[in-house]
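Colleague: Work the whole structure out from these sequences, hints included.
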Amino acid sequence: MSAESAARVERVDPLEPVPVLAGRPGDRELNDALFEPVWAKTRRGWLALFAVAVPLAGLLFLAIAYTLATGIGVWGNNVPVGWAFDIINFVWWIGIGHAGTLISAILLLFQQRWRTSINRFAEAMTLFAVIQALIFPALHTGRPWFDFWLFPYPSTLGLWPNFKSPLIWDVFAVNTYFLVSLLFWYVGLIPDLAALRDTSRSRAARVAYGIFALGWRGSARHWRHHRIAYLLLAGISTPLVLSVHSVVSFDFAVSVLPGWHTTVFPPYFVAGAIFSGFAMVLTLVIPARKVFGFESVITGKHLDNMAKVMLATGLMVSYGYLVEHFNAWYSGDHLESFLFFTTRQRGPYAPVYWLMIFCNVVVPQVFWFRRARQSTWALWVAALLVNVGMWTERFVIIVTSLHRDFLPSSWAMYYPTWVDWSIYLGTLGFFGTLFLLFLRFVPAVSASEVKELRRELEHEAQAHAAH
Amino acid sequence: MASWVLGEFQDDGALCGAARRLRELGHGRLDAHTPVPVPAVEEALGLGRSPVPLIALCGAILGGAGGYLMQWWMNAVDYSINVGGRPDHAAPAFIPVTFETTVLATAIFIVLGFFALAGFPRTHHPVFEVEAFRTASVDGLWLSAEVEPAAAEGVAEELRRLGARNVSRVEEEA
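Residue numbers (the numbering used here), protein chains in the order written: chain A, 465 to 931; chain B, -13 to 160.
Hints are computed from structural coordinates only; laboratory data are not their basis.
The C-beta atom is built at its ideal place from N, Cα and C for all residues, glycine as well.
One or more of the hints may lead you astray.
Computed Cβ-Cβ distance ranges for the label pairs, DEER-style [claimed, not checked]:
#: 1; chain 1: B; residue 1: Gly3; chain 2: A; residue 2: Ala927; range: 18 to 24 Å
#: 2; chain 1: B; residue 1: Gly3; chain 2: A; residue 2: Arg577; range: 28 to 34 Å
#: 3; chain 1: A; residue 1: Glu500; chain 2: B; residue 2: Arg9; range: 38 to 44 Å
#: 4; chain 1: A; residue 1: Phe905; chain 2: B; residue 2: Gly3; range: 37 to 43 Å
#: 5; chain 1: B; residue 1: Gly3; chain 2: A; residue 2: Leu573; range: 30 to 36 Å
#: 6; chain 1: A; residue 1: Gln576; chain 2: B; residue 2: Ala118; range: 33 to 39 Å
Residues from chain A that keep clear of chain B, each with C-beta distances beyond 12 Å, as calculated [to be verified]:
#: 7; residue: Thr663
#: 8; residue: Ala836
#: 9; residue: Leu889
#: 10; residue: Leu901
Modeller: What follows is the structure, given as structure tokens:
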């Protein structure tokens, strides 16, 4: 295509000054560019990061082994703080996963084109984040080798799970979320796996990708079913993602504890999840697009839009804080008022509370400014702070609500032990390891969907030129 | 035993035109192979609506009804658990799990239905014998016809006349 017609394409939409796809490469060029990280030799930067992630993942498994061998008494949990790092990290990781589903499913239904080049990346993040999340409640049961008791199966005990418990709802919600995300991700991946099979140079790669491609031939009969299957999966993932964090919030909201017993929890948790998830996508995508040279498919437009979503969800989270405090005051309940206006703001964990307010309420306000949204450094630092902020939010919700029990004689402080920290840092390493393997073996940007996007843009440009 | 005749086309228009022409001539079972979905060629090949949504609906009904009945039977019939005097058959409390089983069964039905309809997994297929066919997942637009061996030469000739490049024949080994 000539430079002139390319320029015309870019001018199609005055509301989109930054294109979702820079330049107008052909299918083959796109394919080569997007598969390059898979076929090229291992990069130094990748190796360096891998060398950091793998030992941390090792630390996770050591800490788990130590916990299993000794018992969860090696954690800092106590009475009254029976939920601590395990549940904080569970909620934090699950929340991070939510942006992946939002990008891949909800934005697909809304026909938001800018999702195309980041959806696989975000969806992979979802899967790996949910894996980390699942580790925590599994260990927190105390005897993980009996975790299968959580599932309804005909056992010799003659018992069934108690379906009136939000904790059982959580088991179903999180496992469904993991499986559906995995299926959705895999179905979207099949055409690219076939393209990997067909562009592979070694027999081993051809056989390996060939097995996972299941025999995809790009047949019209395949596409006909694939298109609708993918759309329907997006359709059911959309309410699913909203249900998952709502159910997670029920773990808290259904109890009678001040600080947990609030009706605002489900929407506030979902907004917080998307907020933290977008922060994590930005944290990962900004370095990755630089290292792998994906700037033409993950453009400033994508970063700008993600920043706007963070601003919107950040405001929803702030509103959640406001409502919680308002309800505490309006209820006239002295235990609620004590928790929200004394313990959280002036108690022993007050610095964590104020850090949360800074990271989640103040920091996202920079996204009102275009300059901040366009500066990758500003975005990256803000995204990191939001990750921290959302972690402290879960700390505040869980630990500050628990450590001041109804009876002052039961009050106690919670301090994480080295095992708590090792498991938490270990999940970061395990997540990083999985993510780096994903970047190395699977195209991080969906080539087939970007090719489809390119065609759409071209058709529009032609239609525009005809007028 | 069957033969496959394959040809590569320049653009969607040529591909659809050729598909329509071969279909008029009634040449065997036709298929198009493209790196991105091309709805026009599905129409040209006369492929109807996909039954995947119907399969999904079956999954949703089974998952929803099954999920709810499972909870009712387990908690209200087989082994009642009294929690704070709430009813054994606590419909509102059964909703979240019913929702999750609905979604899970729907997703599994969609994916397995798609696999069954597409004939997956089938890691080898005669068309893969053609080296040039490797472009079908990258940037090539291919048309294939599954025909009787005797008719193969005629179809190949027709494909060439319609402007196909890389026209090739593959015989299925019995």
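Colleague: Go through the numbered hints given earlier and state which of them the structure violates, listing their numbers in rising order.
Modeller: Per hint list: single violation, 7.
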